[in-house]
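Enquirer: Protein chains in written order, with this note's numbering: chain P, 11 to 345; chain Z, 11 to 345; chain V, 11 to 345; chain C, 11 to 345.
Some hints here could point you the wrong way.
[Unchecked claim] No more than 27 Å apart at the CA atoms, straight line, and that leaves these computed lysine-lysine pairs for DSS-like: (1) 16(Z) <-> 13(V); (2) 299(C) <-> 299(P); (3) 299(P) <-> 13(C); (4) 147(P) <-> 147(Z); (5) 13(C) <-> 16(P); (6) 147(C) <-> 211(V); (7) 13(Z) <-> 211(P); (8) 101(P) <-> 341(P); (9) 16(V) <-> 16(Z); (10) 299(Z) <-> 16(V); (11) 341(C) <-> 299(P); (12) 332(P) <-> 101(Z); (13) 341(V) <-> 299(Z); (14) 299(V) <-> 16(Z); (15) 16(P) <-> 101(P); (16) 341(C) <-> 16(P); (17) 101(Z) <-> 13(Z); (18) 101(Z) <-> 299(Z); (19) 341(C) <-> 101(C); (20) 13(C) <-> 147(C); (21) 341(V) <-> 147(V); (22) 299(C) <-> 16(C); (23) 98(P) <-> 299(P); (24) 16(P) <-> 16(C); (25) 332(P) <-> 211(P).
Worth flagging that the hints you see were computed from the coordinates, not collected in a lab.
There are 4 protein chains.
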Amino acid sequence: MSKEIKVGVIGCGAIGRQHIARLMNTIPETRVVAVADYYQPSAQAVAEQYGITCCATGEELIARPEVEAVLVTSADPSHAGYVLECIKAGKFVFCEKPLAQTAQECEEIIRAEVAGGRRLVQVGFMRRYDRGYAAMKQAIESGEIGAPLMIHSCHRNMSQAPGFATDYAVTRVAIHEIDISRWLLDDEYATAQVLAVRQSKNTQGDWLNPQIMMLTTRSGQRIDVEVQTDGAYAYDIQCQVVGEDGTVSLPDPSAVVKRAGAACSFPIMTDWSQRFIEAYDIEFDAWAKALLNGAPDGPSAWDGYVACVTGDALILSRQTGKPEAIELMEKPSIY
Amino acid sequence: MSKEIKVGVIGCGAIGRQHIARLMNTIPETRVVAVADYYQPSAQAVAEQYGITCCATGEELIARPEVEAVLVTSADPSHAGYVLECIKAGKFVFCEKPLAQTAQECEEIIRAEVAGGRRLVQVGFMRRYDRGYAAMKQAIESGEIGAPLMIHSCHRNMSQAPGFATDYAVTRVAIHEIDISRWLLDDEYATAQVLAVRQSKNTQGDWLNPQIMMLTTRSGQRIDVEVQTDGAYAYDIQCQVVGEDGTVSLPDPSAVVKRAGAACSFPIMTDWSQRFIEAYDIEFDAWAKALLNGAPDGPSAWDGYVACVTGDALILSRQTGKPEAIELMEKPSIY
Amino acid sequence: MSKEIKVGVIGCGAIGRQHIARLMNTIPETRVVAVADYYQPSAQAVAEQYGITCCATGEELIARPEVEAVLVTSADPSHAGYVLECIKAGKFVFCEKPLAQTAQECEEIIRAEVAGGRRLVQVGFMRRYDRGYAAMKQAIESGEIGAPLMIHSCHRNMSQAPGFATDYAVTRVAIHEIDISRWLLDDEYATAQVLAVRQSKNTQGDWLNPQIMMLTTRSGQRIDVEVQTDGAYAYDIQCQVVGEDGTVSLPDPSAVVKRAGAACSFPIMTDWSQRFIEAYDIEFDAWAKALLNGAPDGPSAWDGYVACVTGDALILSRQTGKPEAIELMEKPSIY
Amino acid sequence: MSKEIKVGVIGCGAIGRQHIARLMNTIPETRVVAVADYYQPSAQAVAEQYGITCCATGEELIARPEVEAVLVTSADPSHAGYVLECIKAGKFVFCEKPLAQTAQECEEIIRAEVAGGRRLVQVGFMRRYDRGYAAMKQAIESGEIGAPLMIHSCHRNMSQAPGFATDYAVTRVAIHEIDISRWLLDDEYATAQVLAVRQSKNTQGDWLNPQIMMLTTRSGQRIDVEVQTDGAYAYDIQCQVVGEDGTVSLPDPSAVVKRAGAACSFPIMTDWSQRFIEAYDIEFDAWAKALLNGAPDGPSAWDGYVACVTGDALILSRQTGKPEAIELMEKPSIY
């Protein structure tokens, strides 16, 4: 592969354009050479802005010989199809979460990737690249808090885009805790449960908010996640891992401390994109460097699959009102 | 009643002697005039130290005419009997938690107190007098965090006395969260559940540790309590009330901040008696002042009863593995 | 002396009445038996409220045989005279700071007390009884931050009573840092200096505000004190001792932490009396216990003298614009 | 200028090589095309590593037509000469601090740059690009703390390279506070003073440590800087701006909070390069973007000059023991 990875981007929405700018201006090892979007005009606009190729379809973009790697930031339902297409074409693909809509689709992707014998897929779980979570992982692995027993976490949002629904509390919100918790604990999940709780008057629509989600791992660790999909006082992400000998907590992002009006205070961010902007830069930089070394080493199709199965179990539990078992396929050796 | 309340103390163990010193030297409105203990010698020692009466039995102490109010700090199983005796004698009684061993005993106490037509009993839930919890209560009632939806709390201990058992995680440890949570939320419980979690190698004995306890209120609020009965890094009490518009958290006790050895740190207390010593002073001072005004206004027999019923439900849930309903008798008007 | 110390109080202003209530209701070892005030009616009001003796003058109060100890909370200029009178009468006296208006008066008090051969006088530097400062002292003496090199401190006030003047920034405000700093460092001062700084538009009157005060000790330690006499955002007291191996800082008083409105905050107190109310209780309790043991062991006439000499040097430095030497008399052995 | 700025780097020491990697791999708008070093072999090593030109001298590098901008990271005494050479050649130059060894050299550079009629020079005061300082600047300019009156700051180091000397406490350490304080306050200095303080046994060599430096601005603001050149517990940078209505403080870098061993703690960095690594990236990225827009907009030769004059005044004050006036030339309009 050339020293400069030529990337094709499918999906030119807000996050897509943000990633294109990142790949163009922030990540030295990457250059975007082609774009596509279900809604042609937005692809054309981006193509003109950067003077790059505009493809009629994602399939066409994937097929173009100069495209060495593909970034999928299109609408969720289209992710799995494009990822499979990339695998068929033997091209690297970075897919924003979720990897797919169903566990079946994820398994299909895994089978296809395994058939190829090597990793091509990376899923966009950017929190693993946040300095705070990375430092927590390091502290846990150092053994200084002993064996991890529990995680207490919360994910609080101020608002959601129109068309939000109850299930999205899992598939678009808690999915981050689903991934980061098993990554921090280095174990797989055994059960998932959603617990009912008093609802907030600040909810914008007719979905359930807040929800409390509980996960257990095969070693018996228990994770609780308070999910406020909207109406919260800020975009606030909290996580504490409780070990036998101590705890480590995700730090608040560094913020200027003010003393005024008989109070001491610091601001909390209001938007996920501010909160994790540095993590995105680190994520894509690591992805590019890994590709130059031959293969992605970040979150894999397996991680996308586990997130999907776990999400299904949480949604089912919300309906059955009891904990649901999480059954995973045999883990292929390439992961 | 005389300006100085003459108190008889039943139970001269460690906590009993501590309270006697408090009533003698710290609380101006009280004077201890008589003591009793199942183990005579310890009562005699205290009686000689202060030059006060030593009674052969608690019943004798309660019967003595000069005793205006009784403090019960004897072994848990004896609490209910002494409290009933005091009610029969029409005397004020301050009973360390638990009020009784069973809900039935609590109901008997309530019926006896109601029959008398006025409050005589106060139960020793001292956390309500901790400045931190009091400030949280005030913040909640001010409305600044909106309607409370959840409480996340933890109760971590470094060790337990010999003879500890799994049930005590409820009746001697979580009982404090049982009382303080409903006091903060000003609601009654609907269900209780104990959730299994990976066990700690630091546990001193063959009991379950940690345990996670979940409570819901009639308005749907959900309380989670992480209980580490022993083996924890410190005596650490954490509590966050999550409202629709914000959260309030119990502050760490004020402690000197040190910067040394490439770290910034402050000490955490190791012992519950240090942590709540000021609360005990405030509690007994408030109790004495209330008695001088005619009746106790602190935690009542009703609160002791609810704690007992809730504890029973938690213990049952640990066996059944599912949430158990909390059914309470009709609340008498005197409470 | 009787187990219950009979105290006479000279000065029935706001702070005087507060202390009287404290000695009556909070400190078990003390009882106020007589009061006096330059303005008779306020003494009469207090005397009636408690049903105690009202004396025509402080001298008469000091002379009364039943008065075992005297508390002086009258106007500053009258302090020295009453203290001398108490020493003549061989009675214990607790004098609110300042001990006197001039170093000469202080020396006279010291000579009189030394002539009597034992300590009778305690000066009301209550900060030494604040848990935070006490913990800092302990940390320093433990050696964990090495030899102390510097103190950075600030004393910020929201307002001052009418009649305030520039010199009071030293005699009524910084006097607390003058005492606490040498107590923390366990050394005497060598020089004092006031440094000019940009003035605040929030100042209520025509005095200098803020002022920066610098002190050096005989071992070369340097203390800087930022003094905002009024117009500050809160009543905020900060102190950091910098040692060779680390620093210790005075903690903020424990306060509930709130997350709301995209900020995390805790309240800061607005009034010195809230901030140090617990220190006052501890201070008078320790004073009473010490008297029952035969003599006061808190801040002495010597400490009052050093504060006075240091204050004079600071005020002189403000006029000369340069550091002024601090010359102390030989320290008598009783201190 | 080409979209990709071709940079020549003079000085291939540790920091030089770090910057070269940064310009090559992190900053998309720059490419290093040539290097030089007083010690040929280190330049050769870097040149081979990147396959770029190795020049015999800095002058030769500056003269090469393909070199569009020069980065000077050579030994301090050589800075001024190379900067003047670049100005003569009409090339942009980024010079690590200090800009020069003497105020005279700085004035010469300013005159040369002014003669050219536009800015070519940027000085490497990277703290202006630290997110914390940037947020403080923003908070001050928002007016939320009122007019700034004071800055309390400290600069604590764990160690210094061999050959360190007392003056370096100003020219290599406090120089950062000299620049950042006037940038935060947006005012020029009036006086400078060094105050003696008790010395630390942890000092590695025979220089003065710690030192306290005081600066005043034309509007009367006062800045105190505690400088520990070495022997401190960590690399700790603290800064609080005190305004009429409140204060803002530089936050500690975000760090995982641990509770273990009866303490709550977070780590403090030990090395300036960790602490400000992100600021370096932002600094060079901003420099490159500004050059592509036609001219540098970061710290100027004027800022380098003021730092030099202020440093001279501090060093003089250390010898005279009194405040020294800071006299600046007329500020040219291009700055």
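Enquirer: Going straight from one Cα to the other, do residue 16(P) and residue 101(P) come out at no more than 27 Å?
Expert: Given that 27 Å is the threshold and the Cα spacing comes to 11 Å, the pair holds.
Enquirer: Please verify whether residue 299(C) and residue 299(P) have alpha carbons no more than 27 Å apart.
Expert: Since the Cα atoms of residue 299(C) and residue 299(P) sit roughly 24 Å apart, the hinted pair holds (cutoff 27 Å).
Enquirer: Does residue 147(C) sit within 27 Å of residue 13(C), going by the straight-line distance between their CA atoms?
Expert: Cα-Cα ~31 Å, so violated.
Enquirer: Checking one constraint from the list: CA of residue 299(Z) to CA of residue 16(V), max 27 Å. Satisfied?
Expert: It holds: about 23 Å lies between the C-alpha atoms, which stays within 27 Å.
Enquirer: Is the straight-line distance between the alpha-carbon of residue 332(P) and that of residue 211(P) 27 Å or less?
Expert: Holds. Residue 332(P) to residue 211(P) sits at ~26 Å (cutoff 27 Å).
Enquirer: Between residue 16(V) and residue 16(Z), is the straight-line Cα distance small enough, at 27 Å or below?
Expert: Holds, at about 23 Å.
Enquirer: Checking one constraint from the list: CA of residue 16(Z) to CA of residue 13(V), max 27 Å. Satisfied?
Expert: holds (19 Å)
Enquirer: Does residue 147(Z) lie within 27 Å of residue 147(P) when you go C-alpha to C-alpha?
Expert: Distance of about 36 Å is beyond 27 Å: violated.
Enquirer: Does the alpha-carbon distance linking residue 341(V) and residue 147(V) stay inside the 27 Å limit?
Expert: holds (22 Å)
Enquirer: For the pair supplied as a hint, residue 101(Z) and residue 299(Z), confirm whether the alpha-carbon distance does not exceed 27 Å.
Expert: holds (16 Å)
Enquirer: Residue 98(P) and residue 299(P) were given as a pair; does the straight-line alpha-carbon distance stay at or below 27 Å?
Expert: holds (23 Å)
Enquirer: Starting from residue 299(V), check that the Cα of residue 16(Z) is at most 27 Å away, please.
Expert: At roughly 23 Å apart (the allowed maximum being 27 Å), residue 16(Z) and residue 299(V) satisfy the hint.
Checked against the numbered hints given earlier, the structure breaks hints 4, 7, 11, 12, 13, 16 and 20 and satisfies all the rest.
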